[in-house]
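Each chain, letter by letter, is given below.
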Amino acid sequence: MLTALDRKMLRQIAGLEGDPPGAFNIRKNGQGIERRSIPGIEIIPKEGKPGIDILVKPGTTGTVHIPVILTASGLNDLVYNTIEIGESADILLIAGCGIHNPGHGEARHDGVHEIFVRRGARLRYREKHYGEGEGKGKRILNPKTVLLVEEGASAELELVQIRGVDDTVRDTKVRVEAGGRLAIYERLLTHGTQEARSDVEVDLAGDESTARVISRSVAQGTSKQLFRPRLVAHGRGRGHVECDSIIMDQAVIRSIPEIWAENAAAELVHEAAIGKIAGEQIVKLMTLGLTEKEAEEAIISGFLK
Amino acid sequence: MLELDKIVLKFKADDHELTALKEISLHFETGKIYVITGPNGSGKSSLARVIMGIHRPGSGRVIFDGEDITGLGITERSRKGIGYAFQHPARFKGLRVADILEIAMRNGEHNDCHYLSELGLCPEDYLERPLDASLSGGEIKRIEIATLLALNPRLRIFDEPEAGIDLWSFEQLIEVIGASHRPDTTTIIISHQEKILQMADQIILLEDGAVSLHGPREQVWPVIRDSVRCACRQDCSRGGMYYVNCPR
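Chains as they are written, first to last, in numbering that gives the first Met the number 0: chain A, 0 to 304; chain B, 0 to 247.
None of these hints come from the bench; they were simulated from the model.
Glycine residues also receive a C-beta, built at the ideal position from the N, C-alpha and C atoms.
Careful, some of the hints might be misleading.
[What the hints assert, rightly or not] In the DSBU-like style, the derived pairs of lysine-lysine whose C-alpha atoms are separated by at most 30 Å in a straight line are:
1) A:LYS292 <-> B:LYS79
2) A:LYS275 <-> B:LYS9
3) A:LYS172 <-> B:LYS92
4) B:LYS92 <-> A:LYS292
5) A:LYS135 <-> A:LYS45
6) A:LYS127 <-> B:LYS11
7) A:LYS304 <-> A:LYS172
8) A:LYS292 <-> B:LYS11
9) A:LYS45 <-> A:LYS127
10) A:LYS304 <-> B:LYS11
11) A:LYS56 <-> A:LYS172
12) A:LYS275 <-> A:LYS223
13) A:LYS292 <-> A:LYS223
14) B:LYS92 <-> A:LYS275
15) A:LYS127 <-> A:LYS137
16) B:LYS21 <-> B:LYS79
17) A:LYS172 <-> A:LYS48
18) A:LYS137 <-> A:LYS292
19) A:LYS223 <-> A:LYS137
20) B:LYS11 <-> B:LYS21
21) B:LYS9 <-> A:LYS292
22) B:LYS11 <-> A:LYS275
23) B:LYS92 <-> A:LYS223
24) A:LYS143 <-> A:LYS127
[Claimed, not checked] One-sided and incomplete, this derived list gives chain B residues near chain A with beta-carbon spacing under 8 Å:
25) THR74
26) GLY82
27) PHE85
28) ASP98
29) ILE102
30) LEU150
[As the list claims (entries may be wrong)] Not everything, but these chain A residues come out facing chain B in the computed CB check (under 7 Å):
31) PRO20
32) GLY73
33) ASN75
34) VAL78
35) GLU279
36) VAL282
37) LYS283
38) THR286
39) LEU287
40) THR290
The task is simple: from the sequences and hints, build the whole structure.
Here it is, written out as structure tokens:
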């Protein structure tokens, strides 16, 4: 049974009003509480360890929601999900985790996703993190994703964490086989004393594989961010990694993009930039009637869109 | 509508002080078009920035609709009806053309397509584009002007609107600025261009931070014509981007 608070968290992380369409699994405070399989998409609880298996049959098109919510303090939720997208299937997978920590103990969710996108299939993966709560307890999220993009398949990952999460270590490992396409879009805003770290490792294993890793972040207060995207090309792969950050207040940002080629026909590019909001941008928006704070917010929300 | 009373503006430059505006007093009436002209570095943009509140004068007063607004910031002045199209518009990483137009007309009635197409930019091609370095100088300049038109303030200041704009757009620009000027608005244009000077009810010539000439176009134009045309010839010979009435 979902409470009003649960509904709010689901709205925040997945834009859900009422039951999700398609297949879904809702996990709350360490337990799967609602689940629905549909023809072609089966969701089965794992045996012996927490988590689910999602099996998408070849050629299936559809949406799968797998939100996680934590509404209690002192919880350490560890979950293993295995997701199998069958050949030529086309799936929108909406994950995400919302933490409402009412107390002073930690509320922590460590999600381990193992995803297989089989030949010719397409996966669009959206993961949104959200945290809130009255207590002083930390809200911690450590997602780990291991993704295989097979021949001719494509995967697009959108990873968003805007405010509210105190501590994050994101670990993403992807292998892209011949002709496979990968795009990762990461959006992050930290404030206060929050810390976030994102390690992305992409292995362009096959010829004609491509990858784009685009990371945009804003660090406010005394928060700290660390980005370590790495692209490795073993064959004739093409890759582009871009880290672009706005730094404010007394925040600290480190960006360490790495490109690594083991084939003379590989094409890899990286760009990284850290800078404050330009004064002329704020002034322009103020001439349109916004206050300095409103101007700053408009620029940040545009940057993170 | 707008009164500048003995405006003095100084900048610190390395170890010395530079006086950009020297006791400037001017009166701007509702319904008229003013063109401020003068050599580079004469203080034209500084004056516009003092009116908008971007620069605070060291002394003197800015009176708008009878109210002393010298102490007000940019936001308050904008909300009172002053708007400024920058000579060098800011570029934004992340904001789209549609975003800035929406901010400009959040209290207005028009739609954003209207202003872009008036300036020869097809809305379908531009609304979703980022307002960043991917736009050319002429494109960003036209978007800047469209934004001021969308804001629709009672006092409009265009700072060298023709800079970077090609010949065809220049004609359109003059037409749009002229057509959007209403009896209840005041338009101030900073320009060197003869065609823009011809739009003026009043011409103000600034030289070395002071007003050296101010009056109706019919009186001022004959006096400054030769120097303006001379500057035009320089633009021509440098192959500059301005449209000029070049004899060649």
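Would you check whether PRO20 (chain A) satisfies its interface hint, that is, whether its CB is within less than 7 Å of any CB in chain B? 28 Å, violated
Could you check if PHE85 (chain B) really has its C-beta closer than 8 Å to a C-beta on chain A? 7 Å, holds
Checking one constraint from the list: CA of LYS143 (chain A) to CA of LYS127 (chain A), max 30 Å. Satisfied? This hinted pair holds, its Cα atoms lying about 14 Å apart.
Hinted pair, alpha-carbon criterion (30 Å max): LYS137 (chain A), LYS292 (chain A). Please report holds or violated. Given that 30 Å is the threshold and the Cα spacing comes to 27 Å, the pair holds.
How about THR74 (chain B): closest beta carbon in chain A under 8 Å, or not? With Cβ-Cβ at 5 Å, under 8 Å, it holds.
Restraint check for LYS135 (chain A) with LYS45 (chain A), where alpha carbons must lie at most 30 Å apart: The hint is violated at about 33 Å.
Is LYS92 (chain B) close enough to LYS275 (chain A), meaning Cα to Cα at most 30 Å? It holds: about 12 Å lies between the C-alpha atoms, which stays within 30 Å.
Let's test the interface hint: is any C-beta of chain B closer than 7 Å to that of GLY73 (chain A)? Status violated, d = 39 Å.
Hint check: is the beta carbon of LYS283 (chain A) less than 7 Å from a beta carbon of chain B? 4 Å, holds
If you draw a straight line from the CA of LYS92 (chain B) to the CA of LYS292 (chain A), is it 30 Å or shorter? 18 Å, holds
What's the verdict on LYS292 (chain A) and LYS11 (chain B), does the C-alpha distance respect the 30 Å limit or exceed it? Measuring from Cα to Cα gives roughly 28 Å; hence the hint holds.
Quick one, are LYS304 (chain A) and LYS11 (chain B) close enough, alpha carbons at most 30 Å? 39 Å, violated
Of the hints listed earlier, those the structure fails to meet are numbers 5, 6, 10, 31, 32, 33 and 34, in rising order.
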